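Visitor: If you want the building blocks of each chain, they are given just below.
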Amino acid sequence: MKVLPGEKPTLLHTKVSRRKLLGGAAAAAIVLVEAPFASAVQMAVTQAELTDPTKIPGVPPGQVGTRSAFEKPVKKPSDISSRTPLQDLFGTITPSDLHFERNHNGVPAIDPAKHELVIHGMVEKPIVLTLADLKRFPSVTRICFLECSGNFRSGSEKLSPQDICGLTSQSEWTGVMLSTIFRQVGVDPKATWFLAEGSDAAVMTRSIPVQKGWDDAMIVYAQNGEAIRPEQGYPFRLFLPGYEGNMSIKWLRRIEFSDAPYLTREETSKYTEPVKDGKIRYFSFDIDARSIITFPAYPAQVQKGWIEIRGIAWSGRGKVQRVEISTDAGKSWHSASLNGPVLDKAHTGFRYLWQWNGRETEIQSRVTDETGYRQPTYQELVTARGSKGGYHFNPITGWILKPDGRVLLSNG
Amino acid sequence: MMKTIFKITTSVLLLSWASGFRSFPKPSPAWGIASDTIFNLGRPATPADINRWDIDVRPDGKGLPKGSGMARKGKTIFAQKCAACHGVTGVEGPNDKLVSTDSSQVKAIGNYWPYATTVFDYIRRAMPFNQPGTLTDEEVYSLTAFLLEANQVIKPGTELNAQTLPAVRMPALKKYILDDRTGGPIIR
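From first to last, the protein sequence lines stand for chains A and B. Here the first sequence is numbered in this note's numbering, starting from 1 and rising by one per residue. Here the second sequence is numbered in this note's numbering, starting from 413 and rising by one per residue.
Just chain A, same shape as in the assembly (with noise of 0.2 Å):
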């Protein structure tokens, strides 16, 4: 496939022999090629011209882009969800495809079109928005994470930050603030709640206070740039920064106030934790600070001299003050670097630099917020509460580094 002199210099334009579209000896893989006509071909080429791009035209440009086909990111789905891989990550927004799911009755298929959100009870004027409607009104961009409360394993040393709180990731979400839309229906100052209803097969419902939708709540209708993804909840959700997963209903359908919470399914006989005294803690709705190193952890491989030990973390309650690591099993702490710009409610990465003498260590990383609340040990966790595990479950998470490089989930 040698380009020589008078021949044409693109593969577009070159009539492609049978032996080289089959395959022969030669051929070392099949690439994707556009022929004329605006189709594309399979064409055997060979190891040499795979190995040098110089030497071969590339993919001409096409309507969506694509992953590389060497990197293979994938979330990790249940029955129930689906986690992030936060080991295969970089920076601190997740790409759409990669966001977790959590869903209670599988991903229901919404015509835009057909439909409606309906605002009613304890209002001056009940109404029906569509989403041209919500998209009239004045819109905000905002990046935040989004976790769902259920967010902690353990159990093996062979568990990755995917395993073991893959239920977190962050995106830049565009919406109407729900502030703009209460003073509109006129919300009678005696509810203090309000229901959200999403229209998935689980008919999904949260109570929520009033107070949250004039701070900060919003209905969003877009992700990362684009409309939100079905898994997200096309063709609109709630989205209430820094609550736990869960009341951020999907698939909004009715909104309606209340002067009393409605204890529904999803929060009592779930989204609950156990606490001390055999007491049932529920209306959490904080996402408590928690950090994690997304490298060096399982199952990465590591090699002694520098590493950049980094990672992220958030806090449900404001801003990431500071996180700290330590080297040495939690008994030293530094100082780690945070990548600004540190936004309110959202992921924050973090690096520390660290040379590796090449012997058994164990890395950790802490988070403390801007309320001055520091994460919690495991033992610290389990001494608190009386239980070992549960919702808003958010200990310091530990990686052993072997001498032979392998990285293990400390207490797996």
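Since the hints were derived computationally from the structure, they do not count as laboratory data. Misleading hints may appear alongside valid ones.
Below, simulated DSS-like cross-link-like pairs (lysine-lysine); rule was C-alpha separation at most 27 Å, straight line [as the list claims (entries may be wrong)]:
1. Lys519/B with Lys279/A
2. Lys270/A with Lys474/B
3. Lys276/A with Lys509/B
Note that this is a predicted model, so its numbers are computed, not measured.
Take the given structure of chain A and dock chain B to it, following the hints.
Guide: Coordinates of chain B only, in the frame set by chain A:
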């Protein structure tokens, strides 16, 4: 009698919590939107718009429909429409155990749910899992009675309706405490 205790407990719990949120109703001046502009978008909601979806039920019984049900009938419906996933007596699985009468067992309605109205609301909106929203109100009352009786929360033969269901006192209610954490250094 049962009803009185229920009411006091509920209002004390909820009032104490809601008071933390009293700076209402101040429009937020943040985000660059004039705090008093009203855009008047969308259309007025008619009673029909609201009634097609307004199925929620509160602990005080607001939202409960007409009709009634008893466990005997509920048992038959449960065998037909629920047992495949929850087991004949509600504990054999493969999905969630629905019956538990002491705190050492898996958490379920009898030892973990604080309000009986939630059982009605949840079954009506979300079950059966493979055919949600297909049960009649009478069926939901009967299934609720069956499950509450199996969990030894109501006496055998109790009829459930819009008056009796909110008066049912759940054993787990006394365990519920509101989250009062607001940040700061304390670990709880």
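Visitor: Each hint should be assessed against the structure and marked as holding or not.
Guide: The hints, checked one at a time:
1. Lys519/B with Lys279/A: Holds - the C-alpha atoms of Lys279/A and Lys519/B are around 13 Å apart, at most 27 Å.
2. Lys270/A with Lys474/B: holds (22 Å)
3. Lys276/A with Lys509/B: holds (24 Å)
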